[in-house]
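As given, the protein sequences belong to chains X and B, one line each in that order. Taken in order, the first sequence gives residues 1 to 115; the numbers are from the numbering used here. Taken in order, the second sequence gives residues 1 to 117; the numbers are from the numbering used here.
Hints are computed from structural coordinates only; laboratory data are not their basis. Take every hint as true, because none was put in to throw you off.
Think about it this way: if two alpha-carbon atoms lie no more than 30 Å apart in a straight line, the pair counts; the simulated DSBU-like pairs of lysine-lysine are:
hint, chain 1, residue 1, chain 2, residue 2
1, X, 71, X, 57
2, X, 11, X, 57
3, X, 11, X, 71
4, B, 70, X, 57
5, B, 73, X, 57
6, X, 57, X, 14
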Amino acid sequence: DTGVSQNPRHKITKRGQNVTFRCDPISEHNRLYWYRQTLGQGPEFLTYFQNEAQLEKSRLLSDRFSAERPKGSFSTLEIQRTEQGDSAMYLCASSLALGSGGSQYFGPGTRLTVL
Amino acid sequence: AQTVTQSQPEMSVQEAETVTLSCTYDTSESDYYLFWYKQPPSRQMILVIRQEAYKQQNATENRFSVNFQKAAKSFSLKISDSQLGDAAMYFCAYTNAGGTSYGKLTFGQGTILTVHP
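For reference, chain X alone in the conformation it holds in the complex:
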């Protein structure tokens, strides 16, 4: 088990462009979460999946954001028409739905810079 992986690790884009991030969870974990973290702050919840179903989305997740988890395996987070305010670290975490006591394991994150 190699843990949660995220790609790319860094992304620099121009305002107005679309970007997509990928997260590969720990293989036996059926829950997958996305968080956003700005410098010096704690992560903020964006959305989560149980298997392929997206169960909750934060109000932080505007219409420009979309997340998918086809077949309940990896997940993608897409941001359309990026804005400078989207610059942040995007963190992915995974867990078991039951029996884990809510413990989540995080990936290294994707740092997005919007110029």
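With chain X fixed as given, assemble chain B onto it according to the hints.
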């Protein structure tokens, strides 16, 4: 909505000494989990310790232990025999133990811990 507050933006400790990081939270739920996560500079978030609200016994993991005071909604982290590798940002986090919000973590603002040799 649940909130988590860490009132110490920065703390420092001498190597081999003990330090305590504070966290308070607000919730109307009776069953929940609390966590401490460690985030070293430019490195990923690591789970340090977990506490179940229904367990009166404080959780311990090697040099890390918590003081969980449910009535006071307080959840502090004690690091004993501090090591240079403990230097990091520490986050307190909360999640409900059931319902649709189970697993959704609410984090505090973090405490930067510096360890002096």
